[in-house]
Amino acid sequence: MTTVLDRLNYALHHSMECDERVYLIGEDILDPYGGAFKVTRGLSTKFPTRVLTTPISEAAIVGVATGMALRGLIPVVEIMFGDFVTLVADQVINHASKFRWMYNDLVRVPVVIRTPMGGRRGYGPTHSQSLEKMFLGVPGLKVVAPNTLGDPAELLVASISENGPVMFVEHKLLYTRQLLERGKDDLQDFSVEQTGGAYPTFILRPTTGAQLTIACYGYNFELARTAALELIMEHEIFSEIVLFSQLSPFNLEPLFLSLEKTRKLVTVEEGTLSLGWGAEVTARAVEKMEGLRIRRVAALDLPIANAKSLEDKILPSVQEIVKSALFVLS
Amino acid sequence: MRYNVHVMADDIALYKTMLLIRRFEERLLTEFSTGKIGGTTHVYIGQEADAAGIFSVADPEDVVFSNHRCHGHFLAYGGEAYRLAAELMGKVTGLVGGRGGSQHIHWHNFYSNGIQGGIAPVATGMALAEKETNTGKIALVFIGDGTLGEGTLYESMNIAALWKLPLLFVLEDNHYAQTTPVEKAVAGTMSGRFAAFGIPVWERDTSDVLEVQAAAKDAMASVRSGAGPASLILHTHRFSAHSKGDDTRTREELERIHQFDPLTIHGKRLSSKACFKTESEVTDIINNAFDRANADPFPLLGTEN
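Chains as they are written, first to last, in numbering that gives the first Met the number 0: chain A, 0 to 329; chain B, 0 to 304.
Chain A extracted, bound-state conformation (with noise of 0.2 Å):
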């Protein structure tokens, strides 16, 4: 039984025994805490001096970070709570992401940061969020986010064999989440297709002709799929679910391929509504092709309570997907 968790632990090992330029700095991650999520447990051990932990100082990080990168060195970075991704926006939009195509290619700035976002814990308004939005669209930035379905330790060793920057959302949830298999369990009324590429795509038929098509990323997919064998036994309705690891840049040609079939779409998404993914997926789509109709799931425009009565109605769920469904079929 293999974890998240298990594979980007792993994913850190293997690139840090494969190519000694590759450091990881940030808070709380040395052993024996091994960081915030246990993410890089081990690792201090075994290459003590490659493994930096700092002051409480997000921006200095990755300045820091992005400097070594600038001069050779390979970083990989914890924010230890994504909502703290506000504190290091200038050097990430300013600096980091910038450069490359700033100083005319000259310089190549290999930084990952890594994030856990993601609400569903009870941590409340400043230690819940997913805020990869404010990231999507930043020229020069990469953003990944790991599922169930594909590989964490591909898409992360990917993304630290990368010449530029990359943000790597990793939901709270999914850490103690197994990897799926395919043809078992959830996925046995699916087949699977994937876009090559490091950071596929990945396409879920039903074994019957789809009539929906659902878009989602990360832990937005174990809903999206509970949501999806929901549609199937209790409307007889069938989705197709298209799976992106790739948040930004945007390449949407596979969700293209999807509504060229079902011409009906349930984005979801964890972030707020406004302003989200699923707005820039909604405009993508229907500047692509006519005859849409879109319905967008995410957060409501609220902080996230502390409170589970509260966070539970103020985050996206199952039956908010099933219902989305349902209006864009009606």
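Check the hints yourself; a few may be wrong.
Which residues of chain B face chain A? A partial, calculated answer using Cβ under 10 Å [unchecked claim]:
| no. | residue |
| --- | --- |
| 1 | Gly97 |
| 2 | Ile104 |
| 3 | Trp106 |
| 4 | Asn108 |
| 5 | Ala119 |
| 6 | Leu127 |
| 7 | Thr132 |
| 8 | Thr134 |
| 9 | Gly150 |
| 10 | Glu154 |
| 11 | Ser155 |
| 12 | Leu161 |
| 13 | His257 |
Quick caveat, the hints were computed from the structure, so don't treat them as lab data.
Built from N, CA and C at the ideal position, the CB exists for glycine as well.
Since the structure of chain A is already known, use the hints to place chain B on it.
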């Protein structure tokens, strides 16, 4: 760790570097009125002793991160006036093909960016990389009195000191952050900021290039010895506006600070013949640089990376 192996630049060379910066910046300002240069710029006129003194004792391989006011640093570092002029004119032959312009240049181990404070952690990471890969190079980061308001600077001081990184903070205090005088922006002392992190301070209130050079030499020797970061605080005077037309200082004040003209102070050590010859050489360099750059083509937007 090796100490710097530079031969001390002689008096004429120091004068020539300062004059090159002065004449470059003056020419640049005139080119705005001819329409050959657009946008904005931050010239180094009045502060030339800092760059000339520092780079006369730096190693040519040292890593430099400069700021919005970077032309003087670049020219003193050994950068070519022609490539800088071409960059400012937005030409394809510019240092970064016209993509960066005045504040955003890169050549060899020299980098600049236009965000106050943001460059400090980047330079800290560069120093870390040089230390980890045992290159013997040090990193220099140029900040100003205005940068003292930015939090990332203090994060960087802390990390550089904790990890004993080979980083020299060069703080050029020209007394004004754009139009805001130091008195309205900086509490406490400048040196106290570095001292709080255990970073040694070399502080000079001078526009004499020889005094800057001596202090820079000592500060860099400290950094090169492996003792960790050091700081060089240079109180100086900016004769020109912050950028182009935004000078709110009184005429009296501008007249008063011209007594600190580094060219006059150091020029007294040279014969008039040497000064004249240097002026002629610099004029040729500047004319060639701008004429050549002017004839170059503009870049086109191609397949983006």
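Task: When the least beta-carbon distance from leucine 161 of chain B to chain A is tested against 10 Å, hint result - done: For leucine 161 of chain B, the interface hint holds, since the closest Cβ of chain A sits about 7 Å away, which is under 10 Å.
Open item on the list: Less than 10 Å between beta-carbons is the criterion; does leucine 127 of chain B satisfy it with respect to chain A?
Closed with: 6 Å, holds
Open item on the list: Quick check on the hint: threonine 132 of chain B CB to chain A CB, less than 10 Å?
Closed with: Where the cut-off is 10 Å and the nearest Cβ of chain A is about 7 Å from threonine 132 of chain B, the hint holds.
Open item on the list: Holds or violated: the hint that alanine 119 of chain B contacts chain A, with Cβ atoms closer than 10 Å.
Closed with: 7 Å, holds
TODO: Double-check histidine 257 of chain B for me: the hint is only fine if its C-beta lies closer than 10 Å to a C-beta in chain A.
DONE: 35 Å, violated
TODO: Hold the hint about asparagine 108 of chain B up to the distance rule: shortest CB distance to chain A must be less than 10 Å.
DONE: 9 Å, holds
Task: Interface hint for glycine 97 of chain B, Cβ within 10 Å of any Cβ on chain A - done: 8 Å, holds
Task: Status of the glutamate 154 of chain B interface restraint (C-beta, 10 Å, chain A) - done: The hint holds - glutamate 154 of chain B has a Cβ within 10 Å of chain A, the shortest such distance being about 4 Å.
TODO: Closer than 10 Å between Cβ atoms is the bar; does tryptophan 106 of chain B clear it against chain A? Give me holds or violated.
DONE: 8 Å, holds
Task: Restraint check, 10 Å cut-off on beta carbons, for serine 155 of chain B near chain A - done: 6 Å, holds
Task: Hint validity - isoleucine 104 of chain B Cβ closer than 10 Å to any chain A Cβ - done: 8 Å, holds
- [ ] With a cut-off of 10 Å on the beta carbons, see whether threonine 134 of chain B makes it to chain A.
- [x] 9 Å, holds
Figure legend: structure checked against the earlier numbered hints; the only hint not met is number 13.
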